[in-house]
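Position one of the sequence shown corresponds to residue 231 (my numbering), numbered consecutively onward.
Worth flagging that the hints you see were computed from the coordinates, not collected in a lab. A couple of the hints might just be wrong.
To be verified - Here are the simulated distance ranges between beta carbons: (1) GLY346 to THR233: 31 to 41 Å; (2) ARG411 to ASP273: 31 to 41 Å; (3) ASN365 to ASN319: 13 to 23 Å.
All C-beta atoms in this analysis are idealised placements derived from N, C-alpha and C, irrespective of residue type, glycine included.
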Amino acid sequence: MTTHKVGYLIGSLAKGSINRKLAKALVRFAPPELEMSEISFKDLPLYSYDYDADYPPAGKAFKAAIAAVDAVLFVTPEYNRSIPGGLKNAIDWASRPYGTNSFTRKPSAVIGTSPGAIGTAVAQQNLRSVLSFCNSPQMNAPEAYIQFTPGLITDDGEVTNDTTADFLRTFMQDFHVFIARVRSVLPKDA
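Required output: the full structure, derived from the provided sequences and hints.
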């Protein structure tokens with residue numbers, strides 16, 4: 231059994247984020263072949279190319295954490311019909327300076343939740359555009375726009391709706407298959 235290390239980024243920096251609850255649920259539903267770990271970006275300063283010659287410790291640690299995983303899962307809210315600024319800043323840190331993009335050839339998936347009926351559809355499309363530029367192979371299906379309702383996911387990541395639980399379990403199984411397929415043609419060391 232091949233194990234794949236998956237780093238997940240939670241787009242919201244809020245401690246009580248509903249996307250943090252969703253991330254906890256996804257970790258619960260991950261098949262045993264996926265070793266899940268959160269990669270935090272809360273300590274990153276705003277990116278500037280002035281740092282390219284000498285990344286600060288937080289930038290080096292973040293970039294190394296992305297480089298160390300086999301795949302990345304983005305769990306993001308939608309802010310003003312786009313991705314949160316902190317998440318975009320984190321992607322900039324990991325993908326710079328030019329020629330040292332930590333997302334190159336790294337499988338990724340995008341999911342998110344919002345109280346709104348369209349979930350995080352627009353933010354996810356924005357994020358997919360950024361990831362395309364970063365040369366990250368993306369799991370394009372199933373798409374996952376989760377409308378969050380009170381009590382849907384507990385603080386511990388337990389999903390209270392069976393249909394949603396089944397969908398999230400399938401999403402994580404599909405992500406595992408996708409990672410294995412991408413890694414079979416784009417080995418990490420190649």
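Status of the hints after comparison with the structure:
1. Checked against the hint of 31 to 41 Å, the C-beta distance between GLY346 and THR233 comes to roughly 36 Å, which is consistent with it.
2. Distance hint for ARG411 and ASP273: a CB-CB separation of about 34 Å, consistent with the stated range 31 to 41 Å.
3. The hint said 13 to 23 Å for the Cβ distance between ASN365 and ASN319, and at roughly 19 Å that hint holds.
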